[in-house]
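Enquirer: Okay, here's what each chain looks like letter by letter:
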Amino acid sequence: MTIQECYRAIGADYDEVLGRLRSERLIQKFVLKFPEDGSFQLLCDSMDAGDLETAFRASHTIKGVCANLGFARLGASSHDLTEALRARDGAKAAALLAQVKTDYAETITAIRAYQSGI
Amino acid sequence: MRKSKILIVDDSEMNRSILADMLEEEYVVLEAEDGEQAVAVLQEHHADIALVLLDIVMPRLDGFGVLEIMGREGWIEDLPVIMISSESGSDQVARAYDLGVSEFISRPFDALAVRRRVLNTLILYAKQKRLMDMVEEQILETQRQSGMMIQILSHIVEVRNGESGQHILHVRKLTDVLLRALTRKTGVYGLTGEDINRISVGSALHDIGKIVIDEKILNKPGKLTAEEFAVMKTHAMKGAEMLDALEEHRDDPLVRTAYEICRWHHERYDGRGYPDGLRGDDIPISAQVVALADVYDALTSPRVYKAPIPHGQAVQMIAEGQCGVFNPLLLECLRENADNIRRELAADDDESIAARESQNIVNDSVRAAHVSDAASARTLRLLDYERMKHSFFSEMTKELQFEYTVSPSTLILSAWGAQTLGVGEIIADPGRDEALRAVLGEDGWGQFSWHMRQTTPEEPNVGYECPLTYNGQTRWHHIVLRTIWTTDTPPRFQGALGKAIDIHDARQRITALEKKAARDSMTGLLNRAAAKERIGERMEERPNSHYALGIFDLDYFKTANDRYGHQFGDRVLKTVAGRLVHSVRSSDIVCRAGGDEFLLFLEYNTDLERTIDRIFHSLCGPLDDYHISVTMGVARCEDAGQSYEAMFRAADSALYAAKRAGKGRYCFYDGSMRDVLTAISDIDDEQGGTAP
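Chains as they are written, first to last, in our numbering: chain A, 1 to 118; chain B, 119 to 810.
Keep in mind that the hints are not guaranteed to be accurate.
Straight-line alpha carbon distances no greater than 30 Å define the calculated DSS-like cross-link-like pairs of lysine-lysine that follow [said to hold, decoys possible]: (1) 777(B) with 33(A); (2) 29(A) with 121(B); (3) 245(B) with 33(A); (4) 29(A) with 123(B); (5) 334(B) with 245(B); (6) 303(B) with 123(B).
Selected chain B positions facing chain A (Cβ under 7 Å, derived; list incomplete) [unchecked claim]: (7) 130; (8) 134; (9) 139; (10) 217; (11) 218; (12) 220; (13) 223; (14) 227; (15) 228.
To be clear about the criterion: a stretch of chain A counts as covered by chain B if any three or more of its residues have a C-beta under 8 Å from a C-beta of chain B, and this derived list gives those stretches [as the list claims (entries may be wrong)]: (16) 39-52; (17) 98-104.
I should point out that these hints are in silico values taken from the structure, not numbers from a laboratory.
Note that the Cβ used here is the ideal one computed from N, Cα and C, for glycine as well.
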């Protein structure tokens with residue numbers, strides 16, 4: 001799987017990202033780093049613990065990283081979650097978390113597939 | 119070039135790395151993962167860091183918290199912050215701008231935009247910093263100059279009044295202390311810091327009217343008669359009139375204030391003072407304060423007619439009304455600050471006042487430049503005020519003052535200077551200005567530039583002498599100038615400040631004296647000592663040239679004296695001297711070595727023998743019906759050695775050889791003569807026949 005195919009698999013626009021970051025090396029480096037970022041784990045843990053403040057920051061970080069890497073689908077779902085958490089709306093957040101988890105899993109799967117192909 | 123340091127503050131490691139990757143080629147990147155860490159890094163390194171990239175949402179301390187601390191610590195004033203944000207809420211943006219943020223970068227990051235925005239922000243701040251440095255430099259310089267002018271003026275008045283050298287400085291200091299105490303006590307007089315400064319500066323001029331008072335009255339040791347006192351009293355009005363006569367400046371605030379002080383500093387609060395008999399607060403507060411300061415310092419300083427009175431006693435005498443009637447509020451200020459005043463006057467000298475004042479003004483204006491537009495207007499007002507003060511004092515001293523800026527090349531002269539020289543006040547490209555060339559002479563500007571280039575930021579002062587032509591006269595001037603450099607590393611040359619002082623008369627006297635001492639009074643030629651010195655200098659300047667030294671004396675000179683008398687003998691010497699001067703170039707050195715012996719020293723390239731032959735024959739020839747004949751010995755430096763002494767000895771030997779071969783000829787030194795006797799004044803066959 002090429003990096004372009006990886007982007008297509010997760011519903012993201014590779015050309016847009018390349019246009020901004022201007023370096024395939026950089027994109028590759030950060031895409032491979034993405035699974036190691038602890039924010040998703042922090043989000044899940046703090047949601048479980050009912051710590052909406054920490055969950056907000058974690059969700060906010062995921063949203064920001066997705067924006068930078070051009071992960072549109074996960075970016076959109078984490079954006080909605082961030083706004084619910086900013087309003088400290090626990091019930092709505094719990095509902096939106098499911099979509100984030102789905103999108104995250106899909107993104108990680110694609111990245112792993114890309115990684116194994118290098 | 120050294121890389122600038124940038125601090126990236128973001129809680130997401132991924133986001134930090136993306137930014138760092140974009141920037142690390144051109145900058146040294148420091149990272150902090152939350153607000154608290156950022157503050158810790160800034161605490162230690164804020165002076166080295168050129169820019170901060172700051173995220174808003176972070177654990178522990180968020181971006182706004184960091185900004186508030188940066189504001190409180192004053193870091194935000196010289197350290198630009200770019201906010202990283204995906205929040206575009208306008209209240210957030212407004213809050214960030216309020217806290218001093220310069221720019222925003224939004225997610226997702228665009229590499230080009232990030233680099234461009236960082237660079238733009240750095241350039242903008244560097245420019246602002248340079249402008250601030252320039253304002254600071256200018257204020258300091260004008261402050262220093264007007265301080266110097268005030269000292270000169272004060273000193274002139276003091277010398278004439280026979281007062282202690284400190285009186286005017288003391289009055290100034292006292293005025294300052296009393297006015298500050300008064301403003302703390304009451305707002306009635308509406309005095310601003312600027313007013314106080316102006317009155318203190320103006321106080322230095324309170325007695326300028328005494329310039330026109332007869333010195334006999336001014337410095338009379340005993341009590342003045344009624345008539346004398348009446349004359350003395352006119353100094354107040356005279357001083358005011360002098361200031362009012364400064365047409366161009368009479369409406370300037372400083373001159374207005376100085377006018378009030380001059381005219382009314384001998385009024386009394388009860389209306390019994392002079393010249394106008396003003397009463398109470400009809401007397402301007404400036405004049406009231408200076409009057410009190412004047413009396414206080416007069417009491418506590420020694421005078422020809424009295425010993426100094428101790429401070430405590432002086433305060434008491436004034437408070438009891440023994441020395442005039444003053445505003446009760448001012449008397450309170452004096453009493454309450456008596457200790458303070460005594461300490462200040464004892465410790466203070468002029469320099470520390472000037473240093474402190476300029477420091478204050480710089481601090482004020484630099485702070486002002488940051489705060490707001492209103493404040494920068496204040497900075498400009500201060501600058502204006504300094505310029506006005508400067509032009510006021512330069513007007514009074516009638517000096518040729520100038521400023522030069524290198525880019526674009528511009529020379530700015532004081533109004534009086536430009537008028538005197540007959541050139542423009544602002545001369546663009548002075549190297550090509552015709553009017554200026556007429557003043558400076560053909561190479562004058564080149565010389566000026568050369569002297570500026572000899573300075574360094576550590577040694578910025580230089581002085582030299584040159585002739586200036588104006589009003590149809592060429593007069594010698596002493597140019598002193600100080601070059602100005604940027605504070606960057608390495609410093610760049612920006613221009614210079616300076617003045618030209620007419621030294622023509624002094625120089626004239628000195629050259630005349632020098633000439634007298636270096637010349638033989640009968641022939642006007644150099645004497646032997648002076649010639650020796652010049653020859654030494656010449657050989658040192660151009661050690662690789664070919665030189666020849668010749669010595670000759672007159673044949674049968676004794677006979678001419680004996681037969682025709684000493685007056686005729688003198689005529690012979692003068693004639694030979696004249697012929698000698700005319701047969702050599704002006705760059706050659708000739709002298710009367712003593713008696714009838716002469717010396718010539720010349721630089722040659724080819725055919726020395728022909729030159730010597732020509733000179734020799736032009737020396738000989740008839741004077742009336744007497745025939746002048748000389749014998750000459752010549753030495754080349756190649757044969758004799760590269761020193762005056764060696765060449766003189768060798769020429770002397772050659773002269774001897776020539777005499778032995780029969781007078782009326784010249785002879786060149788060669789190695790074979792090394793051990794020959796010398797001729798000068800020792801051997802001369804004066805008994806030989808004459809050749810009329």
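Enquirer: Now look at each hint and say whether the structure bears it out.
Expert: Hint check:
1. Taking the CA atoms of residue 777(B) and residue 33(A), the gap is near 108 Å; set against the 30 Å cutoff, the hint is violated.
2. Taking the CA atoms of residue 29(A) and residue 121(B), the gap is about 25 Å. The hint holds against a cut of 30 Å.
3. For a cut-off of 30 Å, the pair hint linking residue 245(B) to residue 33(A) is broken: about 40 Å separates their Cα positions.
4. Taking the CA atoms of residue 29(A) and residue 123(B), the gap is about 24 Å. The hint holds against a cut of 30 Å.
5. With a CA separation close to 60 Å, the supplied pair residue 334(B) and residue 245(B) exceeds the 30 Å bound.
6. A distance of roughly 50 Å separates the Cα atoms of residue 303(B) and residue 123(B); the hinted pair therefore is violated under the 30 Å criterion.
7. Hint status for residue 130(B) relative to chain A: holds, with the closest Cβ pair at about 4 Å, below 7 Å.
8. Interface hint at residue 134(B): violated, since its Cβ lies 11 Å from the closest Cβ of chain A, which is beyond the 7 Å cut-off.
9. For residue 139(B), the interface hint holds, since its Cβ comes within 7 Å of a Cβ in chain A; the closest pair sits about 6 Å apart.
10. Given the 7 Å rule on beta carbons, the hint for residue 217(B) is violated: about 20 Å separates it from the nearest Cβ of chain A.
11. At a threshold of 7 Å, the smallest CB-CB gap from residue 218(B) to chain A is about 23 Å, leaving the interface hint violated.
12. Checking residue 220(B) against chain A by beta carbon gives a least distance of about 21 Å; that is not within 7 Å, so the hint is violated.
13. The interface hint given for residue 223(B) is broken, as the beta carbon of that residue sits about 11 Å from the closest beta carbon of chain A, more than 7 Å.
14. The beta carbon of residue 227(B) is positioned within 7 Å of a beta carbon in chain A (closest approach about 6 Å), and the interface hint is therefore held.
15. The closest approach between the C-beta of residue 228(B) and any C-beta of chain A is roughly 4 Å, which is under the 7 Å cut-off, so the hint is satisfied.
16. Against chain B, the stretch 39-52 of chain A contributes 1 residues with a C-beta closer than 8 Å to a partner C-beta. That does not satisfy the three-residue criterion, and the hint is violated.
17. With a cut-off of 8 Å between beta carbons, the stretch 98-104 of chain A has 0 residues touching chain B; three or more are needed, and the interface restraint is violated.
Hints 1, 3, 5, 6, 8, 10, 11, 12, 13, 16 and 17 from the earlier list are contradicted by this structure; the remaining hints agree with it.
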